[in-house]
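Asks: Below, each chain spelled out in residue letters.
2 protein chains.
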Amino acid sequence: MDPHDATPSTPQNKSKRKKAPGAATIGIDAAKKTNFSSWYQQVLLRGEMIDYYDVSGCYVLRPGSWEIWEILQEWFNAEIKKRGVRNCSFPMFVTEDALNKEQDHIDGFSAEVAWVTQSGSTKLEKKVAVRPTSETIMYPALSNWIRSYRDLPLRLNQWNSVVRWEFKSPQPFLRSREFNWQEGHTAHLTKADADTEVRDILGLYTQIYRDFLALPVVPGQKTEREKFAGGLYTTTVEAYIPTTGRAIQGATSHCLGQNFSRMFDISFEDPSALAEDGTARRAYVWQNSWAYSSRVLGVMVMVHGDNQGLVLPPKVAPTQVIIVPVGISAQTSVEARERILDATASVENALEQAGIRAQSDTRDEHSPGWKFNHWEVKGVPLRLEIGSRELDKDVVSTSRRDDSSKGQLSLSKISTEVPTLLDTIQSDMYNRALDTFRRKLKIVTSWNEFTPALNDLNVCLIPFCLDEGCEDSIKAMSERAANVGGQEQDATAPSMGAKSLCIPFAQPSELENTDTICLREECTRKAQKWCLFGRSY
Amino acid sequence: MDPHDATPSTPQNKSKRKKAPGAATIGIDAAKKTNFSSWYQQVLLRGEMIDYYDVSGCYVLRPGSWEIWEILQEWFNAEIKKRGVRNCSFPMFVTEDALNKEQDHIDGFSAEVAWVTQSGSTKLEKKVAVRPTSETIMYPALSNWIRSYRDLPLRLNQWNSVVRWEFKSPQPFLRSREFNWQEGHTAHLTKADADTEVRDILGLYTQIYRDFLALPVVPGQKTEREKFAGGLYTTTVEAYIPTTGRAIQGATSHCLGQNFSRMFDISFEDPSALAEDGTARRAYVWQNSWAYSSRVLGVMVMVHGDNQGLVLPPKVAPTQVIIVPVGISAQTSVEARERILDATASVENALEQAGIRAQSDTRDEHSPGWKFNHWEVKGVPLRLEIGSRELDKDVVSTSRRDDSSKGQLSLSKISTEVPTLLDTIQSDMYNRALDTFRRKLKIVTSWNEFTPALNDLNVCLIPFCLDEGCEDSIKAMSERAANVGGQEQDATAPSMGAKSLCIPFAQPSELENTDTICLREECTRKAQKWCLFGRSY
Ligand SMILES: [Zn+2]
Ligand SMILES: [Zn+2]
Chain D
0 MDPHDATPST PQNKSKRKKA PGAATIGIDA AKKTNFSSWY QQVLLRGEMI
50 DYYDVSGCYV LRPGSWEIWE ILQEWFNAEI KKRGVRNCSF PMFVTEDALN
100 KEQDHIDGFS AEVAWVTQSG STKLEKKVAV RPTSETIMYP ALSNWIRSYR
150 DLPLRLNQWN SVVRWEFKSP QPFLRSREFN WQEGHTAHLT KADADTEVRD
200 ILGLYTQIYR DFLALPVVPG QKTEREKFAG GLYTTTVEAY IPTTGRAIQG
250 ATSHCLGQNF SRMFDISFED PSALAEDGTA RRAYVWQNSW AYSSRVLGVM
300 VMVHGDNQGL VLPPKVAPTQ VIIVPVGISA QTSVEARERI LDATASVENA
350 LEQAGIRAQS DTRDEHSPGW KFNHWEVKGV PLRLEIGSRE LDKDVVSTSR
400 RDDSSKGQLS LSKISTEVPT LLDTIQSDMY NRALDTFRRK LKIVTSWNEF
450 TPALNDLNVC LIPFCLDEGC EDSIKAMSER AANVGGQEQD ATAPSMGAKS
500 LCIPFAQPSE LENTDTICLR EECTRKAQKW CLFGRSY
Chain E
0 MDPHDATPST PQNKSKRKKA PGAATIGIDA AKKTNFSSWY QQVLLRGEMI
50 DYYDVSGCYV LRPGSWEIWE ILQEWFNAEI KKRGVRNCSF PMFVTEDALN
100 KEQDHIDGFS AEVAWVTQSG STKLEKKVAV RPTSETIMYP ALSNWIRSYR
150 DLPLRLNQWN SVVRWEFKSP QPFLRSREFN WQEGHTAHLT KADADTEVRD
200 ILGLYTQIYR DFLALPVVPG QKTEREKFAG GLYTTTVEAY IPTTGRAIQG
250 ATSHCLGQNF SRMFDISFED PSALAEDGTA RRAYVWQNSW AYSSRVLGVM
300 VMVHGDNQGL VLPPKVAPTQ VIIVPVGISA QTSVEARERI LDATASVENA
350 LEQAGIRAQS DTRDEHSPGW KFNHWEVKGV PLRLEIGSRE LDKDVVSTSR
400 RDDSSKGQLS LSKISTEVPT LLDTIQSDMY NRALDTFRRK LKIVTSWNEF
450 TPALNDLNVC LIPFCLDEGC EDSIKAMSER AANVGGQEQD ATAPSMGAKS
500 LCIPFAQPSE LENTDTICLR EECTRKAQKW CLFGRSY
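Quick note, the sequences are listed as chains D and E, same order. To convert, note that position 418 of the first sequence is 417 in numbering that gives the first Met the number 0; the numbers rise steadily by one, no gaps. To convert, note that position 379 of the second sequence is 378 in numbering that gives the first Met the number 0; the numbers rise steadily by one, no gaps.
Among the hints, a few may not be true.
One copy or two, either will do: identical chains are not told apart, so a pair holds if it fits within one copy or between any two.
Unchecked claim - Quick list of in silico lysine to any residue cross-link-like pairs, SDA-like style, CA-CA up to 25 Å:
{"no.": "1", "residue 1": "Lys405", "residue 2": "Phe178"}
{"no.": "2", "residue 1": "Lys125", "residue 2": "Lys167"}
{"no.": "3", "residue 1": "Lys370", "residue 2": "Arg154"}
{"no.": "4", "residue 1": "Lys474", "residue 2": "Cys522"}
{"no.": "5", "residue 1": "Lys126", "residue 2": "Asn159"}
{"no.": "6", "residue 1": "Lys81", "residue 2": "Ala342"}
Hints listed in this document are in silico derivations from the structure and should not be mistaken for laboratory results.
With the sequences and hints as input, model every part of the structure.
Replies: Listed below in structure tokens is the structure:
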């Protein structure tokens, strides 16, 4: 298949006259199915979500993506503030001493830490790291601020960017050297309080995916092998990219236990110890940290985008409705032209009044067809067309970005019918993604079926013994098996091994009381849990 | 005067049992007037706006300051979005090549640039700078994005932090190595469009100071000597700290002219050239950049704060009203106690319903007096007290933070009278600051009066020739003169020279048509403008 066939009506090469490689053409000339990696980058560039940058692994987040980030940020801020979380801003720099304080933790990052060693041409006495995450930056302060059980819970959050100088090949949103996120850091009196918050926040992350990005996720707990280093346990929402059959960690909510609070002496006088013998005994707080990053935008693009470009869920689309006047030519009378343009303006106004992010494209220099393509590449969920034919019938024509279906809406009910249609698009997008995911989420109970299922782009729920060595074996064996099968090493059928994604909270059936054995060939241990395994980003 | 006298009723040394030097006591033990620098730091620490950090020149912005920042951010975002500005996020790193591209510009920062030279233990092939400002980061992208006059105006803004590794002694909010700001960067078709925007944005900065922070500022233009390096001209709002008699640059809105657009080739096909001879001629865009930083918070604290701690303007106070139940003792009956606590809860609820950020302090372990101090240090604008005496009369007692005045409000009208009282506090705070500023803004027309006026903590409007050499002389001479006078070199009467702050847009009288000579001793040039000079931060 010629990838150029994918976008037959796009005015390619129209304005290729300047420097940037991707910015010149507005159509997409790589097919999602056969050339996923190029397709993804083109969709992001031509959909104007990102631009390249001359520091490798860093990207420009253009308004087209940043405004989506802001919509999520506004909602998430309101939710966490309801729960008593307060925003703050800690420095981006951390000393070597502080960073090295918690060894398990720093081991996970140390090779990727970016170090500032000079200012101007002067060497710094002590180099400082650009934050890879803020545990070691914030916890000395928590130690000072928390003195009594009455200071608990203490809940802080910050929005910033963090730096991990990876040398693996970068991927916009999914793996970049600097990325944006929120990081919540909280301290609690009891483990039970911490546990409750971990799951509560994970519920917010599920909502971001489900209700805003129209994406299903599997909430669950990471295995010991895959949990956040230095923490007690990690919960996660796992998403799935159908085209590559690969899973992706969507967001994580960690219970850190008392590991960091012991290291950083975040302690208080224990009220229960006081009650018993009258002397103050120091107790350590229970801590959580939780984060979601701009990665969510990458997952959204990878799942919903198509060969014509971005497909944005209405809830997060910076422009939800684009209104295009049609049927105006050199022969159109001044009156007819004005009638169309007036109607365009009044529809735009009515929709804005109704709280819809609507925009009209009344530029003379482009044809309606050009505009259709232009806004399709950008993923605008709904296009309205207004011409004399529409106005004669008191309607507007509609064209949905998600499924290309056309229709008409009554002009007089536009303020209520457009919001309803946007809601329908949102839920249809979610349901389609959910259907696909359900079809590709396989329950596998025989080892022989495991690698073939992965090769068929599935993620697999398997009975698992939870042993770390067994987990490594599964990864190694599924990699080998794929290679033996002679699969090509490309993005859609990677030969990489499957790793454990999570132990879903929703287990298909009880395993503890049965005699089910772990799936992995030659493992004779009893299965403890159904565990989700898959190739992943 | 013993500085400890300033806060007689504060429970000092109450909980001095842990690490942080400032976090333990809740009162302020330095007087604003006699020990300004210590006072400022104590107010910020004990008012819980900041905490110290182990990288020198970096500070923790606690929720107490960050939530003020967010209130300003929300308003400013809405205003610029109305104007078509779109938010985005560019990388924090910049290559040496890009940074050095505009020489005048980089000369202003180069000694303070923080360089990342290694990742993990590996030396980077090419070091990268942490952004000191984003002109050189963003403008290569603008060059790609702007192709036609139809792409103009292009208006972008980002909220982030920037790093300038200064070695002068740091001051929270006023001079820190990392600081938070917004930076707007826009491109226009004509100089007139750029000029209009420069002033429009400066108007928003005036509003931030006047309407939110209750502070008067002088809007004006910087002299050539003081303008932003590499730009065409700089406009500014200048604020004033009465205690030290020093001015401070409040926020700046720059017209960059075509200097950067030539350097970075940000050009388009000129429609007017097209019209004349039919061939496309390239023209360069007119650019602006504009920014305000977390410095605004420092100015607010310095002007409004008093010997009891922070004094926050109601518009930006994270907690606008604190409600304290009073008159409850061991002798109080269960019924009387419940009546008071019920009333406290219902007042809190009524105020929240009315959109007021209200909070009640019902802790058992602290006396009302302790709580009064606690919330005074934090600057909460209005305290409501509710006890049996109040409830018998269907009132609440009020205590204003700004002027300590007491009063009573009818319980039944609490939802309307509290907002009105908060508005009064806001405007009273502004008017007091304005009165002070007017008294200390001296029109000086004789050189002999200049340095004495500065020593008397004034800023001075003087007739000025606008010559750069003359400006340097004024600075040097006012410094010498102060030293000769034998003034102590402390913060309240610094011997530093006066620099030009701005040429106010509102000139006291026309100078161009008169024969007024420049103020500076021995200068014989004709005065061009009234220029504001002062010692400054
Ligand atoms: Zn096993
Ligand atoms: Zn002069």
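Asks: Out of the numbered hints, which ones does the structure contradict?
Replies: Violated hint: only 1; rest satisfied.
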